[in-house]
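Undergrad: Residue-level listing of the chains:
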Amino acid sequence: MDRTLRWAPLIWPTALLGVFFAVPFAIMVAVSLFHRQPGGFFEPGFELTHYRRFLTPFFLERLGITIGIAAAAAGAALAIAVPFTYLLTRARRRTQVAWLIVILSVLSLSEVIVGFGWSVLLSRTAGISNLLVALGLLDRPRPWYPSLYGMITGLVYVTLPYAVLLLYPRFSRFDRQLLEAAETMGAAAPRRFVTVFLPVMRPALIAALIMMFVFVLGAYVIPQVLGRAQHWTLAVLITDQALFQSNIPFAAAMAIFLLVVSLILVWLVLRLTRLRRA
Amino acid sequence: MRRLPALLVFTLVGAFLLAPLVIVAGVSLNGQKRLVFPPREVSLGWYGELATSPAWLVPIGRSLLIALVSAAVAVSIALPVAYYLWRFHSRWARALYGLGISPFILPPVICGLGFLIFWASVGHFGRIENVILGHGVFLVALPLTTLLLGFEGIGRESMDAAQTMGADEWTAFRTVVLPLAMPYLISGYAFAFVLSLNEYIIAYMIAGFTVETLPIKIFNSLRYGYTPIMAVVSVLFLLISVAILALVAKISDLPRLMGALEPERK
Numbered sequence: 000m001d002r003t004l005r006w007a008p009l010i011w012p013t014a015l016l017g018v019f020f021a022v023p024f025a026i027m028v029a030v031s032l033f034h035r036q037p038g039g040f041f042e043p044g045f046e047l048t049h050y051r052r053f054l055t056p057f058f059l060e061r062l063g064i065t066i067g068i069a070a071a072a073a074g075a076a077l078a079i080a081v082p083f084t085y086l087l088t089r090a091r092r093r094t095q096v097a098w099l100i101v102i103l104s105v106l107s108l109s110e111v112i113v114g115f116g117w118s119v120l121l122s123r124t125a126g127i128s129n130l131l132v133a134l135g136l137l138d139r140p141r142p143w144y145p146s147l148y149g150m151i152t153g154l155v156y157v158t159l160p161y162a163v164l165l166l167y168p169r170f171s172r173f174d175r176q177l178l179e180a181a182e183t184m185g186a187a188a189p190r191r192f193v194t195v196f197l198p199v200m201r202p203a204l205i206a207a208l209i210m211m212f213v214f215v216l217g218a219y220v221i222p223q224v225l226g227r228a229q230h231w232t233l234a235v236l237i238t239d240q241a242l243f244q245s246n247i248p249f250a251a252a253m254a255i256f257l258l259v260v261s262l263i264l265v266w267l268v269l270r271l272t273r274l275r276r277a
Numbered sequence: 000m001r002r003l004p005a006l007l008v009f010t011l012v013g014a015f016l017l018a019p020l021v022i023v024a025g026v027s028l029n030g031q032k033r034l035v036f037p038p039r040e041v042s043l044g045w046y047g048e049l050a051t052s053p054a055w056l057v058p059i060g061r062s063l064l065i066a067l068v069s070a071a072v073a074v075s076i077a078l079p080v081a082y083y084l085w086r087f088h089s090r091w092a093r094a095l096y097g098l099g100i101s102p103f104i105l106p107p108v109i110c111g112l113g114f115l116i117f118w119a120s121v122g123h124f125g126r127i128e129n130v131i132l133g134h135g136v137f138l139v140a141l142p143l144t145t146l147l148l149g150f151e152g153i154g155r156e157s158m159d160a161a162q163t164m165g166a167d168e169w170t171a172f173r174t175v176v177l178p179l180a181m182p183y184l185i186s187g188y189a190f191a192f193v194l195s196l197n198e199y200i201i202a203y204m205i206a207g208f209t210v211e212t213l214p215i216k217i218f219n220s221l222r223y224g225y226t227p228i229m230a231v232v233s234v235l236f237l238l239i240s241v242a243i244l245a246l247v248a249k250i251s252d253l254p255r256l257m258g259a260l261e262p263e264r265k
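Protein chains in written order, with numbering that gives the first Met the number 0: chain A, 0 to 277; chain B, 0 to 265.
Treat the hints with care, as some may be off.
[Said to hold, decoys possible] Rough simulated footprint, nothing fancy, chain B against chain A, three-plus residues with beta-carbon under 8 Å:
#1 65-73
#2 159-172
#3 194-200
#4 217-223
#5 238-252
[As the list claims (entries may be wrong)] Some, not all, of what chain B presents toward chain A, calculated at C-beta under 10 Å:
#6 P19
#7 F36
#8 V41
#9 S42
#10 V68
#11 P102
#12 V108
#13 C110
#14 G133
#15 L256
In case anyone wonders, no lab produced these hints; they're calculated from the structure.
Where is the CB? At the ideal position from N, CA and C, for every residue including glycine.
Using the sequences plus the hints, can you model the full thing?
TA: As structure tokens, this is what we get:
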């Protein structure tokens, strides 16, 4: 009796996570194998039709585009985040707190609001191109979206704060003595950064890059607001199939695919970081 | 002279991060309905307009309600799991911890579709409580991480001391552990609240056609063209987020909190 009572507080989390997270995932796996009822939902069955569609040019093209875009955005965000976070962790604590508030605010900002903000920045009537006209760099204002670069800019924007938060703990625990040693040996600041700091941080950087890649895979609003239809990513396609083509089994199969890919990548990150600790 | 590169990087990143926010705030002040920057005929007219348009106030209220309750759901799930993991190293709690962290790491569209199919299967479609439960489960990771960090900061001695003095488990938890972990509980609640407020895709997939939250409302309006009220509500939501996060920074140690928010934390 006493034993059961002791574990009673875990009943609530178990029930909620079980019913509203584990069960939906199990149903989703099942539905990905069900038969699609055109015009309706689906009926029980067992077929691999939806998974077989992965081999069609339509899906492979989407997948290629998604991977390319996610890699580009994650790479660009990392390139900005590394020097920024490095300098941030060396700043005064007050400065750090202020920046963290900004970073967290941007990170929590709705993708819809970010997409809207960038659509204004890239617009013909109110956007940056007007500034360039005023500076004499451009003859007349131009609309810069929808476009591939506009979309990648938006994706870099949402990924950058995430990247900073991924790198921040690693960078702030970095052993400063290594840099001081390099300084004593006469290495200048940029050289210390490149030859001492970056190599030590390499596993952390790769881990962060993978996490950012998974993060961009989830972007849904920005590709639609800032990109063209041919640049829409897998996340957009899944939603489109589920809600507008009412092909839920195919959407489920794609979601499972995305899930498996993400899990493999996250597992890689865990291995990578564990390796570093060992 | 040595600070120059730092200043340059901070300025560029700051300009990049603030640009879309500044321009949204700017266009919200336009007197006319036109989209121009810098704003012309500057006025707060559209802010007044918002106060009298239920088409926008209703989604705002709905989003606030969903965020308030779903953040509470997330904390109620996270608190026992984090406590049992810290206090008893329970294996069951560890499994629940893994389950609670994972939705947040995966692309949210996966969760969204899972929830959609679940509610369609049980025949309880398009309700606000579905969104609340969806967000509650999706955001468990945040209070889970902050609470665990909070518990780890408490010396086990204080718990032992309380029990030596004759306090039972529950009393010790209530009078010693909980007050010490309170800033972390509030931080976790605040993070979950802010993220629920801004979340789009999961809410949209669960009940986007019937339960219109503010992000859904903005996105729907974006398709039909620009209105300055979109900028006004964006500014309001930004201010709410900044205010709450600044509050978190005040009651807890933000750098420490962020130092522990790495996803691979055990």
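Undergrad: For each hint, tell me whether it holds in the structure or not.
TA: Results for each hint:
Residues of the stretch 65-73 of chain A lying with their CB closer than 8 Å to a CB of chain B number 0, which falls below the three-residue condition for coverage. Given as covered by chain B, the stretch 159-172 of chain A passes the check, having 9 residues with a CB less than 8 Å from a CB of that chain where 3 are the minimum. Evaluation of the coverage hint for the stretch 194-200 of chain A: breached, as 0 residues show C-beta separations to chain B shorter than 8 Å, against a requirement of three. Restraint check on the stretch 217-223 of chain A versus chain B: 3 residues with Cβ-Cβ distances below 8 Å, three needed, restraint holds.
Counting residues of the stretch 238-252 of chain A whose CB lies closer than 8 Å to any CB of chain B gives 6, so the stated coverage by that chain holds, three being the minimum. Against a cut-off of 10 Å between C-beta atoms, the interface hint on P19 of chain B holds, since the closest Cβ of chain A lies about 3 Å away. Of the supplied interface hints, the one on F36 of chain B holds, with its beta-carbon coming within about 4 Å of a beta-carbon of chain A, less than 10 Å. At about 14 Å, the closest approach between the beta carbon of V41 of chain B and any beta carbon in chain A exceeds 10 Å, and the interface hint on this residue is violated.
The criterion of a C-beta within 10 Å of any C-beta in chain A is not met by S42 of chain B, whose closest approach is roughly 17 Å, and the hint is violated. This hint is violated: V68 of chain B has a C-beta 13 Å from the nearest C-beta of chain A, more than the 10 Å allowed. Evaluation of the P102 of chain B hint against chain A yields a held restraint, the C-beta minimum of about 6 Å falling below 10 Å. Contact between V108 of chain B and chain A, as hinted, is supported at the beta carbon level, the nearest pair being about 4 Å apart and thus within 10 Å.
Look at C110 of chain B: its Cβ gets to within about 8 Å of chain A, closer than 10 Å, so that hint holds up. Checking G133 of chain B against chain A by beta carbon gives a least distance of about 7 Å; that is within 10 Å, so the hint holds. The interface hint given for L256 of chain B is met, as the beta carbon of that residue sits about 9 Å from the closest beta carbon of chain A, less than 10 Å.
This entry does not satisfy hints 1, 3, 8, 9, 10, going by the numbered hints stated previously.
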